[in-house]
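Asker: What follows is the residue order along each chain.
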Amino acid sequence: MSVARGVYSARIREKLTQALNPSRLVLIDESHKHAGHREDSGLGETHFRLEIVSSSFEGERLVARHRKVYDILKDELDERVHALSLSTKTPEEAPEEATE
Amino acid sequence: MLSVWARQGGVIGSRLRWVSLVDGRRFSSGQVDKEEESDPDFQPQVKKSASDQDDVSKEIDKIVKETPVVLFMKGLPSAPQCGFSYKTVQILNTLGSEYRAFNVLSSNELREGIKKYSQWPTIPQLFVKGEFIGGCDIVEGMNSSGDLKKLLDSAVPPSKDAEQKK
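Respectively, the protein sequence lines represent chains G and W. Residue numbers for the first sequence follow the numbering used here, so the first one is 82 and each next one is one higher. Residue numbers for the second sequence follow the numbering used here, so the first one is 66 and each next one is one higher.
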């Protein structure tokens, strides 16, 4: 497990921060776990774990929340990213995690 | 390949070669059709016209509406090719609900078609009663809360299933 630092990670963080104004955003690059996966290009930055706490998720079901994230990251998913393991919460749902 | 189609009764138009159409529960473990082993990247590529894509969408629509529980995944239930597909299969198998699995790695048109159809960019994808439910994380979440079991039972009544086995 390593905190993501690559080019795509930076793009993902920037886009999500702009769009969702998250109170918590954790992005972990898990691509190494999938090395040798039949679709592994060897470039890395293909699989991420992403935790977001944002008030913009309020009143939305899980599918809508995930769709929102996928829409924001459409280009990254088209180009490189195969999988995002998503945790999407509102500050009320994750009060203990809302502050760093 | 054709024999698979014959056995499946040609549920899907024969123009589309989704040979990995299997029933997840009845598929015996470890058994992988040789066809599945060929990487889609090495299969002949044919450019698809817009109408072909529409056809794929229609076929997918038909499948998810006619089948109570459908999983689009990477690999087969007996041999998933991705950790997320594996996790989802494990959950469905544990709940004991009957489902039908499609291997998106067997067909580029299915793989791209399902993403367009559901407007969801990743695999696996679960459909119940014609409705898109979600990917691995959502299935896991619904399993923990007990909502998945309720939903699956409403799609495939467990009592009826048990009677069939007797």
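Everything labelled a hint here was simulated from the structure, so no lab data went into it. The C-beta atom is built at its ideal place from N, Cα and C for all residues, glycine as well. Do not take every clue at face value.
[As the list claims (entries may be wrong)] With a Cα cut of at most 25 Å, we get these calculated DSS-like pairs of lysine-lysine:
| no. | chain 1 | residue 1 | chain 2 | residue 2 |
| --- | --- | --- | --- | --- |
| 1 | W | K127 | G | K170 |
| 2 | G | K114 | W | K214 |
| 3 | G | K170 | W | K130 |
| 4 | G | K155 | W | K214 |
| 5 | W | K194 | G | K114 |
| 6 | G | K170 | W | K123 |
[Unchecked claim] Per label pair, the in silico range of CB-to-CB distance:
| no. | chain 1 | residue 1 | chain 2 | residue 2 | range |
| --- | --- | --- | --- | --- | --- |
| 7 | G | N102 | W | D218 | 38 to 44 Å |
| 8 | W | D117 | G | G140 | 27 to 33 Å |
| 9 | W | Q184 | G | E95 | 33 to 39 Å |
| 10 | W | P222 | G | G140 | 29 to 35 Å |
| 11 | W | G161 | G | T98 | 39 to 45 Å |
| 12 | W | S209 | G | K155 | 15 to 21 Å |
| 13 | W | K127 | G | E139 | 16 to 22 Å |
| 14 | G | K155 | W | K123 | 33 to 39 Å |
| 15 | W | D212 | G | I109 | 35 to 41 Å |
| 16 | G | D159 | W | A115 | 16 to 22 Å |
| 17 | G | R94 | W | G161 | 21 to 27 Å |
| 18 | G | E95 | W | E131 | 19 to 25 Å |
| 19 | G | I109 | W | S122 | 30 to 36 Å |
Asker: For each hint, tell me whether it holds in the structure or not.
Answerer: Verification of the hints:
Taking the CA atoms of K127 of chain W and K170 of chain G, the gap is about 34 Å. The hint is violated against a cut of 25 Å. A C-alpha spacing of about 30 Å is found between K114 of chain G and K214 of chain W, which places the hinted pair above 25 Å, so the restraint is violated. At most 25 Å may separate the alpha-carbon atoms for a hinted pair to count; K170 of chain G and K130 of chain W exceed this at roughly 31 Å. Restraint check: the Cα-Cα separation between K155 of chain G and K214 of chain W comes to about 31 Å, which exceeds 25 Å; the hinted pair is violated.
Between K194 of chain W and K114 of chain G the alpha-carbon distance is near 34 Å, which puts this suggested pair outside the 25 Å criterion. Among the hinted pairs, K170 of chain G with K123 of chain W is inconsistent with the structure: their alpha-carbon atoms are about 35 Å apart, more than 25 Å. Roughly 40 Å separates the CB atoms of N102 of chain G and D218 of chain W, a value that falls within the hinted 38 to 44 Å. With their beta carbons about 39 Å apart, D117 of chain W and G140 of chain G fall outside the hinted range of 27 to 33 Å.
Distance hint check: the CB atoms of Q184 of chain W and E95 of chain G are about 24 Å apart, inconsistent with the given range 33 to 39 Å. As the Cβ distance of P222 of chain W to G140 of chain G is approximately 33 Å, the hint placing it in 29 to 35 Å holds. For G161 of chain W and T98 of chain G, the Cβ-Cβ distance of about 43 Å falls inside the hinted range of 39 to 45 Å, so the restraint holds. Evaluation of the 15 to 21 Å hint for S209 of chain W and K155 of chain G yields a failure: the beta carbon distance comes to about 29 Å.
Roughly 37 Å separates the CB atoms of K127 of chain W and E139 of chain G, a value that falls outside the hinted 16 to 22 Å. Taking the beta carbon of each, K155 of chain G and K123 of chain W are about 24 Å apart, not inside 33 to 39 Å as hinted. Our hint of 35 to 41 Å for D212 of chain W and I109 of chain G is violated, since their Cβ atoms are close to 27 Å apart. For the hinted restraint 16 to 22 Å between D159 of chain G and A115 of chain W, the CB-CB distance of approximately 19 Å keeps it satisfied.
In this structure the hint that R94 of chain G and G161 of chain W lie 21 to 27 Å apart at CB is violated, the actual value being about 41 Å. Hint check: E95 of chain G to E131 of chain W, Cβ distance near 43 Å, so the stated range 19 to 25 Å is violated. Between I109 of chain G and S122 of chain W the beta carbons are some 34 Å apart, a value that agrees with the proposed interval 30 to 36 Å.
Taken one by one, the earlier hints fail for this structure at numbers 1, 2, 3, 4, 5, 6, 8, 9, 12, 13, 14, 15, 17 and 18, listed in ascending order.
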